[in-house]
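Build the full structure now, drawing on both the sequences and the hints.
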Amino acid sequence: MSRFLDSVARCRWALPALIAAGFAFALACETFPILNDYSKIVLITVGINIILCVSLNLVNGYMGEFSVGHAGFMALGAYASALMTTKWLPACLFELPLAVVFGGTVAAVIGFLLALLSFKTRGDYLAIITLAFLMIVKSAIENISYVGGPRGMTPPVLTNLPWTFFWVVLTLWIIRNLVYSKFGRAITAIREDEIAANAMGVRTREAKILAFVISSFFGGVAGALYAQVNFFIDPKSFDIVKSTEILVMVYLGGIASLGGSIIGAVIFTILLQVLQPLGTWRMVILPLILVLLMLFRPRGIMGMRELPWFLPVRELFKGPKR
Amino acid sequence: MFFYLAQQTINAIQLGSIYALIALGYSMVYGVLVMINFAHGDLFMLGAFACLLLAVLLPVHLPFVVILLLVMVVIGLLGALIERVAYRPLRDAPRVSAIITALGCGLVIENTTLSLSPYPQFMPKLFDSTTLTYASLTITTLQILIIGVALGLMVGLDFLIRKTGFGMAMRAISFDSRTVPLMGIPVNRMISLTFFVGAGLGGAAGMLYGLAYPQISATMGVLIGWKAFIAAVIGGIGSIRGAVLGGFILGGVEVMSVAYLPSTYRDLISYSLLLAILIFKPYGLLGQPPNQKV
Amino acid sequence: MKNIIFCASVLALAGLAGCGSGGTPSVKIGLNAELTGEMPAVGASSRNAAELFVDQVNAAGGLDLGGTKLPIKLDIGDNGAKADQARTVAQRLISQDNVVAMIGPNASSCAIPASIVAENYKCPMISPWSTNSKTTLDQGGKPKEYVFRACFIDPFEARVLAKFVLNNVKAHTAAVLYDVASEAPNGQANLFKEVFEQNGGKIVAFETYTTGDRDFSAQLTKIKAQNPEVIFLPAYYNDAAGITRQARQQGITAQFVGSDAWSSPEVITLGGKDIEGSYFCNHYSTEIATPVAKKFVADYTAKYGKAPDDVAALTYDAMGLITEAIRTAGKADRQAVRDALAKIPKYEGVTGTLKFQPGSGDPIKSAVILQIKDGKFVWIANGQP
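Protein chains in written order, with numbering that gives the first Met the number 0: chain X, 0 to 321; chain Z, 0 to 293; chain B, 0 to 384.
Be careful, since some hints might not be right.
Once the Cα atoms are required to be at most 25 Å apart in a straight line, the calculated DSS-like pairs of lysine-lysine come out as [to be verified]:
(1) X:Lys39 - B:Lys121
(2) B:Lys192 - B:Lys221
(3) B:Lys294 - B:Lys72
(4) B:Lys305 - B:Lys272
(5) B:Lys221 - B:Lys169
(6) B:Lys192 - B:Lys169
(7) B:Lys345 - B:Lys121
(8) B:Lys342 - B:Lys121
(9) B:Lys342 - B:Lys354
(10) Z:Lys124 - B:Lys272
(11) B:Lys141 - X:Lys86
(12) X:Lys39 - B:Lys27
(13) B:Lys169 - B:Lys272
(14) X:Lys86 - B:Lys143
(15) Z:Lys124 - B:Lys372
(16) B:Lys169 - B:Lys201
(17) B:Lys121 - B:Lys72
(18) B:Lys143 - B:Lys345
(19) B:Lys354 - B:Lys143
(20) B:Lys330 - B:Lys72
(21) B:Lys375 - Z:Lys124
Here's a subset of chain X near chain Z, in silico, CB distances under 7 Å, partners left out [unchecked claim]:
(22) Tyr124
(23) Met134
(24) Asn142
(25) Val146
(26) Pro286
(27) Val290
(28) Met293
(29) Pro297
Here are some, though not all, of the chain Z residues that point toward chain X, as calculated from beta-carbon distances under 7 Å [what the hints assert, rightly or not]:
(30) Pro88
(31) Ala92
(32) Gly103
(33) Cys104
(34) Ser271
(35) Pro281
None of these hints come from the bench; they were simulated from the model.
The model shown is predicted, which means the values in this text are computed figures rather than measured ones.
Built from N, CA and C at the ideal position, the CB exists for glycine as well.
Below, the structure written as structure tokens:
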């Protein structure tokens, strides 16, 4: 078994080939009616969820914190990009990428401020700060009538399958490179033992802030993609229930694992759609699966392990994994 | 002017006492296990439903106190059961797994109740409440009862923690859980008892809440659960007195921000204020920074 | 390895589920309803009425489509009273299940996103109960082509209520308490304030709460201090019950006036004696019923054991309108159905005579004012805009 996986891992061209194939498929779906619009939206949702999961995994999984406010960054990205596409710069060239980058940047700036403010807090207190942040964002949006307040906004539909695929690949690529760099080691060190890391000279403060900023950037990116596919955004879509859903996906797939985030996002989104006929009972079954999973595999399906293709070559020959 | 403030203060105390009661459950469990029991809000909701079932299904008309005790026992047992089944196996796993399991359990409880009762239910009155008026101040006997019961339970819990053997054991476990078994204290049993008491308080809060706002639905525990959690942390999670303080502060801030400012800003102001408190006192008002061993 | 197999099987299941349903030819009509969430009673009423209608048509042989009779198949989706879910359900009904037309959603916050989907895919849609103007208007304020409704709209209702308060209740000071996070109450509150003040009334307090709140004591104390004669509560039935109860507890004696969102009979069960005597605006009244309406009330009560509320009546009318359009068009084609719908000269429905204004999806309808008396809805007056 492991020999098979080893040989699969050594196939360094497999991953780029998969990506190219996926992109080609996405483009084909745009020109030929292979999938109906509903299936396309489900796939786009899967893509958005993957980005959300991977970005939250950076803070919750690799860095070991407990952030509950990710839906807040999603909201910021969604609204910022919607403002751009509806009011400030409607219908310009490269509208979608500009809007997405703008949404991500706004979220990142706020993430930076939040990281600064909460530097001194640890653990569960950080959870509270992120939770309070989420409530504040939701309430602030409801009160600002320029963004439609509680009635929401109707951004144009710009997101499509190829763009979503592009952003998913970009997110994975950036975060994967970050995680296997010096910065990534710093974050893992913080998770294992922050004081020891500090004593060893790891610049924990900078690492924490950077992790937060990147995580919130991609949260905003996901939010922007979400806004431009959904016709309609309102503050109620970005509440604690949404944050909880993202948390469930991350822990289902596995903490500190990119492959895990993909798996978690895919399983959660698809299951949620497939189990539609069950009505509210599907929200009993999904958490039940999660609880059972936690009891038998506390770190998630792929906790702390990684799909061989994501590992850089030097990691492959390290010997048996824990 | 004075009467307006006085009436709003009464509103704040009533709301605050319910938040405090729920926050107590969070703090108790955290103090002993360093774990946030996210299923607590849903146990609160079950307390209200348990009261509904007892009041409606039983052919005998039971007095208020009996129903309260029954609800506390039933929800307490349920809390201890969840601990035994879902949390105990994860005691040595990373903390986050236990938290996520708690979240999952809460969702299961909430959605099962939602599937069984998709409509909000009406909580019948357990006794007739009269309204007392003094000048333009009004307070109903029900409100007085709720505040009284909540305060009574809080005082009772304080007594339990400070003056009984069980309380001493609980405090010992929160201080150093590894040495405690060496002293002959059955840790597992104590933890189960802690959950029993914490969940019982949550159930009682649910019943009181259901009586005060007689429309109960399966999702009523979600928002209140998170709010009470914030209250517990503001006061300093792990500290019983902190939980009570936090609950009243949250209730007070919510009511007073509506009383003197446009009501649309209520959530914005309450959470910003709480955020500010946490930034200046990162461990909560009465919390202790944990000693970190290097 | 196990993981890969698991994922693959899940995806395969998804693919299978995605493959459309075969089966006997039928006319598929979609129903986008609030079956779970904040207002399940509204969704249940809608579903009951729709199913009653479909059963009646199918029992008579089916829908006549240019000579052949085909049964109607109702495709029901649950939007959970949430905007994004409403949009997803609309997308599924229209793109995947290929319904000829969509009935619902009822709540304005859900109807608006669903209407955008319907308009984009050129699928006719009738919302039975959504009163917010934006449901049938697009971004620029122009009427949408494919979206219709079976009820009156908020500006009309606000005028009716404001005039009622000024002329019948003879009150000149009013307070408003509404859910700032919900589309319909928000719109109605602001419109009422505008019309009331235009006609000489004075709004002494304009307070808000947010969806999910149960404690309104702080806002009510603030309102009580201003001593209004009337309190306008454009809230859904669950909030209305809670607010009136707490208001009476605080000793507030003002007259309560509500919007059509009160119309579920649950409001009486949950409100008890505290909501007695309140007025609200509604789409129809069982008391001044026409023969068509009386038959509907009798059939509904016989099948479900309780009287239909206005959501049920409007859904029944919406189903009637759409099937009339399909019959006239002679085929299950969305464009043809839409054109036939807009041209219906006169439809005798349960809630009155329905006719769409030219170039608009809004019908000309009348309103009634009801009062909650002795635990029942009692007709007081016809709305005068």
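Exercise. Looking back at the hints listed earlier, which ones does the structure fail to meet?
Worked result: 25
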